[in-house]
Amino acid sequence: MLKPVDILMVGVGGQGTILASKVTAAAARAVGYDIKMSEIHGMAQRGGSVVTQLRLGEKVYSPLISEGEADIILAFEQLEALRWLPYLKPGGAIIINNQQIYPVPVLAGAAEYPAGIIEQIKDRVADVQVLDALKTAVECGNAKAANVVLLGALAKKLPIEETTWREALAATVPPRFLEVNNAAFTAGFNFGAGC
Amino acid sequence: MKELLTGNAAIARGAYEYGVTLAAGYPGTPSTEILENLSKYRDVYCEWAPNEKVALEVGIGAAMAGARALVTMKHVGVNVAADPLFTAAYTGVNGGLVLVSADDPGMHSSQNEQDNRYYARFAKVAMLEPSDSQEAKDMVGLGLSISEEFDIPVMLRITTRVAHSQSMVELGEPGSREIKPYCKDVKKNLMVPAFGRLRRVSLAERMDRLAAYSEQSPVNFVIEGDNKVGVITSGISYQLVREVLPGASVLKLGMTNPLPLNMIKKFAARVEKLYVVEELEPYLEEQIRMLGIEVVGKELFPVTGEFDQGLVRRKFAEAGVLPAQAREQNPAAGLPQAPPRPPVLCPGCPHRGVFYTLQQLKLTVTGDIGCYTLGGLPPLEGIDTCVCMGASIGMAHGIDKAVPDLKGRTVAVIGDSTFLHSGITGLLNAVYNNSDITVIILDNRTTAMTGHQDHPATGRTLMGREAPEVDLTMLCRSLGVKRVEVVDPLDMARVKEVIQAEAAAPGPSVIIARRPCALIKREARSAVTVDQENCKGCKMCLKLSCPAISVADKKASVNANLCVGCNLCVQVCKTGAMKGGSADA
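Protein chains in written order, with UniProt numbering: chain Z, 1 to 195; chain A, 1 to 585.
None of these hints come from the bench; they were simulated from the model.
Partner residues aside, some chain A positions facing chain Z, computed with beta carbon under 10 Å:
(1) Arg161
(2) Gln329
(3) Leu335
Every residue, glycine too, gets a C-beta built ideally from N, C-alpha and C.
Throw the hints in and build the complete structure from the sequences for me.
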């Protein structure tokens with residue numbers, strides 16, 4: 001019996017949420033999960049808020065995740081973590097990339113970027129992991145692999161073997177970027193273990 | 001073999017497997033990826049038409065001549081294609097014809113959320129509604145068969161969450177692409193009144209036969225369950241109901257025109273309490289009520305927006321079908337509100353400077369559909385209206401003719417793809433009726449908003465072949481526009497000068513603001529830098545609404561990772577603090 005898991009991936013257009021969801025779906029499929037995945041990507045290239053809803057189970061009906069239902073939120077950006085927090089299930093886990101990307105209303109001075117987002121989320125949610133995925137990715141050799149650092153951290157929380165993840169990653173990313181992506185994945189995967 | 005596919009990719013796969021020879025459409029979210037996917041199979045001829053009406057006519061022609069045809073569009077596209085649709089129901093087909101209507105409940109990327117199920121009933125054509133990717137693929141095949149057997153176009157109605165959600169699909173082998181013989185038959189295909197009357201009677205007969213088929217169709221079925229609660233549903237709502245009420249009896253309707261009325265009556269008779277769960281309009285509910293059946297639908301469920309299982313669960317709890325929900329502690333209670341992150345024009349977008357100028361000049365600006373609709377949002381606020389594809393030109397002309405105060409102060413802005421879609425006739429009207437309007441064609445050489453599709457002015461087809469490139473200047477001149485100017489939208493002084501001159505000039509003018517979309521052609525320019533000493537923190541640059549520019553502690557800064565060196569901010573800066581990027585960085 002495969003444990004059902006509902007995952008919400010949230011971020012900003014251009015951060016690579018779609019690649020992360022593709023690899024996760026491929027890994028989940030390899031272990032026999034039924035999958036439904038929903039994306040709203042019409043505005044992804046225009047710097048809007050983007051979200052991927054990924055549902056894994058023996059049999060999945062709805063492709064959507066409602067408020068209070070996500071087992072895991074993988075937030076690629078702090079403000080998006082705050083925006084989607086109502087979707088987290090009581091007792092659920094949130095992984096947050098500590099990057100901040102100011103939306104235009106903030107850049108234009110019409111709104112403030114809230115201070116202390118991570119601290120406030122930590123006050124309310126027991127299972128919070130915060131990563132500097134961008135810095136880690138740069139250390140691994142390419143800033144663009146920040147999404148795979150976060151993927152590694154997510155992988156640690158799912159009932160799927162590491163080798164399965166590696167295979168899914170290799171099948172999804174272009175071969176010339178595999179080495180840096182593997183390093184990024186390792187860094188994220190080991191993060192939970194305190195590396 | 002199974003593959004994880006979006007509904008759109010599954011429809012493309014279905015067209016490939018079930019013998020479609022020709023596919024046509026116009027891009028529109030959430031339908032665009034169907035033809036993009038299908039064109040990759042190469043065995044199927046695919047094309048972008050300039051608009052949905054033409055696309056459907058291309059499909060009708062191919063089907064009448066004996067080929068299987070698929071036509072795709074978003075929901076509002078069917079309004080454009082409605083004229084051929086209604087009469088194609090009379091003529092019928094020869095090869096199968098499936099029209100995909102991609103509706104957008106919740107308006108993720110649309111100007112309205114009309115429920116196109118009514119079109120099937122109105123035009124008297126068959127309608128199928130898939131609820132996941134597997135059904136989407138299967139229903140392309142079923143739709144083509146129904147179309148041929150009952151001599152009728154078939155609408156395949158999907159919604160955003162079917163189009164853009166991925167689920168597992170069993171792949172099959174492609175069948176043959178046979179073309180049926182074409183026989184000239186004017187009584188069937190030449191719709192003059194005398195023959196139209198014959199086909200009208202035939203259409204009524206065909207709909208009767210379809211209604212009988214609907215009772216037997218494998219896509220209308222009952223899930224046996226507890227008879228206390230029965231639910232009739234279709235499309236994505238079926239998935240939500242199965243999730244929320246796993247034990248209930250469910251009548252799942254895959255064919256929603258014509259409805260299987262006897263099946264509905266029988267189902268209603270065996271359940272104690274009957275509900276209808278459907279997004280948008282009470283389409284099923286109204287027809288069920290006409291049978292004299294008592295049913296709970298829109299008195300419980302909203303007529304607006306998109307549903308999710310949380311909403312369906314809450315509503316069934318309100319109705320007492322599910323136990324009242326315990327109020328869970330919301331983890332976000334007491335947290336600050338997250339400021340919105342609206343989509344914006346990209347850094348280097350060639351439209352930005354035009355909107356900045358229009359707002360500065362305080363002109364009345366009718367807008368249109370595309371990326372540039374984003375130019376209406378603060379702080380640019382460069383357009384006043386957006387109604388439908390091509391509306392900008394007709395509306396500007398109406399203002400010009402009716403309101404003397406706005407004469408010579410009204411400008412229409414429209415994209416290149418939208419102009420070719422339905423702006424040409426509006427411009428022709430403006431010329432014919434002696435308008436004084438100015439039309440700005442924002443020519444970024446692509447259909448940008450939907451993800452960069454080609455069109456008749458890009459020089460390339462959907463299949464990747466070279467094509468003649470329509471010359472917009474010559475086109476406007478041949479319509480009778482005497483004043484046509486081409487400007488580089490990044491040259492703000494020139495843009496302002498030309499707009500002022502053309503707005504003041506009598507007669508209709510066209511300004512073509514031409515520069516390729518910043519996402520398809522990235523200029524090799526270095527980023528703008530800010531001379532901190534000269535920057536006074538006046539925030540003029542922020543009025544450009546550029547995601548690369550911010551001001552903190554009274555000093556502007558430019559994010560070098562985002563900036564593409566378009567230099568609009570250099571032109572706007574009054575203190576000379578913005579230093580332009582060089583062309584050969």
